[in-house]
Amino acid sequence: MNNQTLYDKLWNSHVVRTEADGTALLYIDRHLVHEVTSPQAFEGLRLAGRKPWRTSSMLAVADHNVPTTGRAQGIADPISKIQVETLDENCAELGITEFKMSDLRQGIVHVIGPEQGATLPGMTVVCGDSHTSTHGAFAALAFGIGTSEVEHVMATQCLLMKKTKAMQVLVEGKLGRGVTAKDLVLAVIGKIGTAGGTGYAIEFAGSAVRGLSMEGRMTVCNMAIEAGARAGMIAADDTTINYIKGRPFAPQGELWEKAAAYWRTLHSDAGAQFDRVVKLDAAEIKPQVTWGTSPEMVVAVDGRVPDPKNENDAVKRGSIEHSLAYMGLQANTPMTEIKIDKVFIGSCTNSRIEDLREAAEVARGKHIAANVKLAMVVPGSGLVKQQAEQEGLDKIFVAAGFEWREPGCSMCLAMNDDRLSPGERCASTSNRNFEGRQGQGGRTHLVSPAMAAAAAIAGHFVDVSK
Amino acid sequence: MKKFTLLDGLVVPLDRANVDTDAIIPKQFLKSIKRSGFGPNAFDEWRYLDHGEPGMDNSKRKINPDFVLNQPRYKGAQILLTRENFGCGSSREHAPWALEDFGFRVIIAPSYADIFFNNCFKNGLLPIRLDAAIVDALFKAEASAPGFHLQVDLEQQTITAPDGTVYPFEVEAFRKHCLLNGLDDIGLTMQHVDEIRAYEQRRKAEAPWLFV
Ligand code: SF4
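Top to bottom, those sequences are chains A and B. With the working numbering applied, the first sequence covers 1 to 466. With the working numbering applied, the second sequence covers 1001 to 1212.
The hints are simulated quantities; they were obtained by calculation from the structure and are not laboratory data. Each statement offered as a hint is correct.
No farther apart than 20 Å at their CA atoms in a straight line, the calculated lysine to any residue pairs in the SDA-like style are these:
| id | chain 1 | residue 1 | chain 2 | residue 2 |
| --- | --- | --- | --- | --- |
| 1 | A | K245 | B | A1207 |
| 2 | A | K162 | B | R1129 |
| 3 | B | K1204 | A | E257 |
| 4 | B | K1176 | A | E19 |
| 5 | B | K1075 | B | A1141 |
| 6 | A | K245 | A | A261 |
Residues from chain A shown here face chain B by an in silico Cβ test under 10 Å; the list is partial:
| id | residue |
| --- | --- |
| 7 | Y27 |
| 8 | W53 |
| 9 | R54 |
| 10 | C127 |
| 11 | H131 |
| 12 | Y262 |
C-beta atoms are modelled at their ideal positions from N, C-alpha and C, and glycine is treated no differently.
Same shape as in the complex, but just chain A (with noise of 0.2 Å):
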């Protein structure tokens, strides 16, 4: 047993027991909740008269329905109103930690985590999210789960699961300049398509990835999910634990000593057996921009909008025609040509400190165009907010013409008043660019922050590696 992958450590520590045909129950360390995906869990719980298993587990925090202005008058939207206050008193009455709106440490659940030291290495961690991938950023075992496994997680501490395959994208080399996380998740997802990962867990290795921050890995992760994956990972090291190191929710003293020298051991042996190995080469990668309505829709930003002529398969290039009607793009057009109307700076992909400084200083001492209507910056938390004020980031952006905002999902999807109105075109860094995703007939282009700063600035896509 001494050629694992860490996917095969990190199950393998978590089994309860196994039926026979291979379905496992599996043991959940951390359950991050939401507003939207558990009200009906909690529901569900007290219908059969059941009690959460361990609170302890549990981390709660409003995001995806808060508003990003004005929060001192609370909440408009009557509905959104009701899911939010429905979250506070399931865990009021529960006893679940949830950080209010009104809370400092409020802010999206995949930025939060990690931040509080909630989210370790080892630990298994679900959400009633897709993106929790991101947490594998950790080399824990991270993937988004339905309503009724909430449910069966608050009841039990498990669940009922099936080993995936597993598959290791190998990324070796530096990236160039102005060349980002989001630029080497992106081109994964263009190498391998949004079902590429369907049916594996998907661990990034290789220099290009060790060398990226905490940050930067937690990009790649919570885009594993558009690459098909339930759950990415990367394995621990240095950068690992001094992120983690003194992070409230973190072990202190002697129990910190022996849970890093556990965590050390998280990683790949020498030699362990992968289903799939995809390589791609950092050197290569370019900046990203999204052309239609899905993300492996992906070119460099040097490149042009795809021609369906050149597609022989008819459901694929039907698909392209689609989504260009959608997008309101011609064939060959070169994607720097391309104007926007609206940019969005935020996300659990690209909402944190690092992703914020890189926009700031593509924005220093400028000013957006006159064609973008809007671009806003909204911060992953409350505590990630406090620090770029610190910094002055929120000078330079409001400077430059950017609005600063309270932390939450906000124009990700738009669940909130933050949208896009039908036909808009904008530049963003959140991971998904579905039709209607940012408001119903709103064009997404996804991009990392420094070239969502760079667009909004120049009013069209630009190449910031140049």
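Starting from the known structure of chain A, fit chain B with the ligand onto it as the hints suggest.
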């Protein structure tokens, strides 16, 4: 959970790949704290010509006559025939809730996103994977035969077409057992409470920081 054993149902073709859960149930409907009532808003942006919001009277909205689910010939369809990577994107279980509430019991596609696939089984919906070539043949057969029905037999793991062709399909034994008997996962797991406690004791000794 509703049992699923046998179904003879009308098939509706949704000829698109990568249909995501945002399309199946748009986010504004996720504000509900209930588990039911999502059917009228399934595929909302494709089904209606106006923008839907929760609380609207859907019977008064303008429907999109071109969208396949709105065509009278597919009224009452219980089997959704579609393409690759169905249910990708967000993990929202509201997607299978909406499909089930709309009246679907079976989905047939070459492939599904993992979380969606999993969520279906928890809600009495049977997602069936068939080879892309077979799915293609079913699309063609449906197009040339109005009122196209398929017979789905979970016990036998077969789909029978009107011309008598039988297509076998795979389903995991455990999921099949739960669906056939309408079993609730939580109840099943509760039978292993002692084992869960024993695991916790073991793990606490190994990794005590996980339990503070
Ligand atoms: S920021 Fe976007 S992707 Fe992330 S949890 Fe919120 S809605 Fe989901």
